Amino acid sequence: MNMETSNRLYLVTGASGYVGGRLVRDLVADGCSVRVLVRDAGKIQGQPWVTQVEIVEGNANNLEDMRRALHGVHTAYYLLHSINAGTNFDEIESQMAKNFSLAAEVEQVSQIVYLGGIANDENRSKHLASRMNTGTQLASGSTPVLELRAGIIIGSGSASFEMLRHLTHRLPIMTTPKWVSNLTQPISIRDVLYYLRQIAQLKEPVNKICDIGGTEVLSYADMMQKFAKLSGLRKRLIIQVPVLTPKLSSLWIGLVTPVPTSLARPLVESLISEVVADKAKSIDAIIPPPPEGFISVERAITMALSKIADSQVETRWSDAAYPTAPWQKAQGDPSWAGEMILRDVRHRETDAPMSAVWDAIECIGGENGWYGADFLWYARGLLDRAVGGVGLRRGRRDPKTLRVGDSLDFWRVEALERGVRLKLYAEMILPGKAWLEFRIEEKDGMTHITQEASFSPRGLGGQLYWYFVLPFHVFIFPTMLRNLIRRAKRSVYGNA
Numbered sequence: 001m002n003m004e005t006s007n008r009l010y011l012v013t014g015a016s017g018y019v020g021g022r023l024v025r026d027l028v029a030d031g032c033s034v035r036v037l038v039r040d041a042g043k044i045q046g047q048p049w050v051t052q053v054e055i056v057e058g059n060a061n062n063l064e065d066m067r068r069a070l071h072g073v074h075t076a077y078y079l080l081h082s083i084n085a086g087t088n089f090d091e092i093e094s095q096m097a098k099n100f101s102l103a104a105e106v107e108q109v110s111q112i113v114y115l116g117g118i119a120n121d122e123n124r125s126k127h128l129a130s131r132m133n134t135g136t137q138l139a140s141g142s143t144p145v146l147e148l149r150a151g152i153i154i155g156s157g158s159a160s161f162e163m164l165r166h167l168t169h170r171l172p173i174m175t176t177p178k179w180v181s182n183l184t185q186p187i188s189i190r191d192v193l194y195y196l197r198q199i200a201q202l203k204e205p206v207n208k209i210c211d212i213g214g215t216e217v218l219s220y221a222d223m224m225q226k227f228a229k230l231s232g233l234r235k236r237l238i239i240q241v242p243v244l245t246p247k248l249s250s251l252w253i254g255l256v257t258p259v260p261t262s263l264a265r266p267l268v269e270s271l272i273s274e275v276v277a278d279k280a281k282s283i284d285a286i287i288p289p290p291p292e293g294f295i296s297v298e299r300a301i302t303m304a305l306s307k308i309a310d311s312q313v314e315t316r317w318s319d320a321a322y323p324t325a326p327w328q329k330a331q332g333d334p335s336w337a338g339e340m341i342l343r344d345v346r347h348r349e350t351d352a353p354m355s356a357v358w359d360a361i362e363c364i365g366g367e368n369g370w371y372g373a374d375f376l377w378y379a380r381g382l383l384d385r386a387v388g389g390v391g392l393r394r395g396r397r398d399p400k401t402l403r404v405g406d407s408l409d410f411w412r413v414e415a416l417e418r419g420v421r422l423k424l425y426a427e428m429i430l431p432g433k434a435w436l437e438f439r440i441e442e443k444d445g446m447t448h449i450t451q452e453a454s455f456s457p458r459g460l461g462g463q464l465y466w467y468f469v470l471p472f473h474v475f476i477f478p479t480m481l482r483n484l485i486r487r488a489k490r491s492v493y494g495n496a
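Per the working numbering, residue 1 is the first one in the sequence shown, and the count goes up by one each step.
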């Protein structure tokens, strides 16, 4: 960092998201003073940079919250979106951007930086149109806005990357819509972060729209074939079917991949447009290309697949909280949560050491399974997907360790005291709010385990739901505890 920029304060919104979490890491590594805006500070407590930043809790729809977050800020990174917020997400995004622009003007912010999507094709989707309008609203005030527009971002954890990867890996023969022949100009997450970091060092504010993309232009079908080749799979047979609408395609993607239908649909609709960078909107005059050159598509895919294989995925599309059903409220708004709590509490003890028991607890979910009755968990995930929920395919960020804010299948890590307590919050669609908690302690030389499933029902429907699933608890939870202890013992004593 040079002397001219050393006294700047940078605000990163969307710090719990895929790009935001990595940008904060890089800005901190560059020696920048960073403030983050989040709705719930608890969701970023597991981030390695959390003690090195200033945290402001607030809602992007609240003007006063935005003013608090932007006070004293030189450069503000706008990485917010509401793609999962329902059919009126474009209206929500427009209002959020207006509030941000107004607050930035009042607080005399020098520069807004916005990461949007390439939208040069007139046949653009509602999602891309909303992304463009967000940039327009941000620029409606007097604060200069540097809007970067990117196509598909290739990186471990990117929603578009995960969608295409899982389609390729799971379907050797696939029927696809016509959009697989459309052209795209992908860019690696490292190159996106390069530009975002360089903007922090600009001497003067910039008011401009710039397209950023890698050096290769290819079709989505070509990209899927690259996924297959680099994964050691046979060439995929891709059959184009013109009758597959975005709605049907998103339903299929929601079934086959970890990306839920509600997120898949705007992504699929965006694929209908060709997303190729416009050379007239080049950023080269402001920031030169990376000194080492752009990362190729094949190298970007290889790097991302390697990160996934080595369990080194730092942030994922699912890190940002998934919206609950309309009748569910977020964890932080307990206006009715305290009226009734229904509990299923079970206790077990074992001679396995606490450390081994904790390791077994922290490994739960994802590819490791739920310690028995996995077919019931899978069935519950399918039911959740059928009604528009996240389902069970989100998996884990890391197969062995968790952090607060991690998505874990259709749960999210709400609290974690390593070696002592793990509390998960359900993000499946429910008539109420649900948690699953494990607590362990040592007593008289034995490890005592408490497993608690709790539910705060919403109305009579919520209560009926609890009593409907209660019989399944009798089968699921004792089996889970028994197999959890068995895994802990096996890790210490082997199969003897």
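Everything labelled a hint here was simulated from the structure, so no lab data went into it. Warning: the hint list may mix true and false statements.
As the list claims (entries may be wrong) - Here are the simulated BS3-like pairs of lysine-lysine, each with C-alpha atoms no more than 27 Å apart in a straight line:
id, residue 1, residue 2
1, Lys279, Lys126
2, Lys235, Lys279
3, Lys279, Lys307
4, Lys178, Lys279
5, Lys226, Lys98
6, Lys126, Lys208
7, Lys229, Lys279
8, Lys279, Lys226
9, Lys307, Lys281
10, Lys98, Lys178
11, Lys400, Lys489
12, Lys126, Lys229
13, Lys281, Lys98
14, Lys203, Lys126
Here the structure is a predicted model, which is why all the values come from computation and not from measurement.
Right, here's what the structure says about each hint:
Between Lys279 and Lys126, the direct Cα distance comes to roughly 24 Å. Compliance with the 27 Å bound is thereby established for this hinted pair. Proposed proximity of Lys235 and Lys279 is contradicted: the alpha carbons are some 33 Å apart, above 27 Å. For the hint pairing Lys279 with Lys307, the CA-to-CA distance comes to about 32 Å; that exceeds 27 Å, so the pair is violated. A C-alpha spacing of about 26 Å is found between Lys178 and Lys279, which places the hinted pair at or below 27 Å, so the restraint holds.
With a CA separation close to 41 Å, the supplied pair Lys226 and Lys98 exceeds the 27 Å bound. Distance restraint check for Lys126 and Lys208: the Cα-Cα separation of roughly 23 Å lies within the 27 Å cut-off, and the hinted pair is therefore satisfied. With a CA separation close to 30 Å, the supplied pair Lys229 and Lys279 exceeds the 27 Å bound. Between Lys279 and Lys226 the CA atoms are separated by roughly 26 Å; this keeps the pair inside 27 Å, and the hint holds.
About 32 Å separates the Cα atoms of Lys307 and Lys281, which puts this hinted pair outside 27 Å; it is violated. For the hint pairing Lys98 with Lys178, the CA-to-CA distance comes to about 36 Å; that exceeds 27 Å, so the pair is violated. Annotation: proposed proximity of Lys400 to Lys489 holds, straight-line Cα distance about 17 Å (limit 27 Å). As the CA atoms of Lys126 and Lys229 are separated by approximately 33 Å, the hinted pair breaks the 27 Å bound.
With a C-alpha separation of about 24 Å, the suggested pair Lys281 and Lys98 falls inside the 27 Å cut-off, and the hint holds. Between Lys203 and Lys126, the direct Cα distance comes to roughly 36 Å. Violation of the 27 Å bound is thereby established for this hinted pair.
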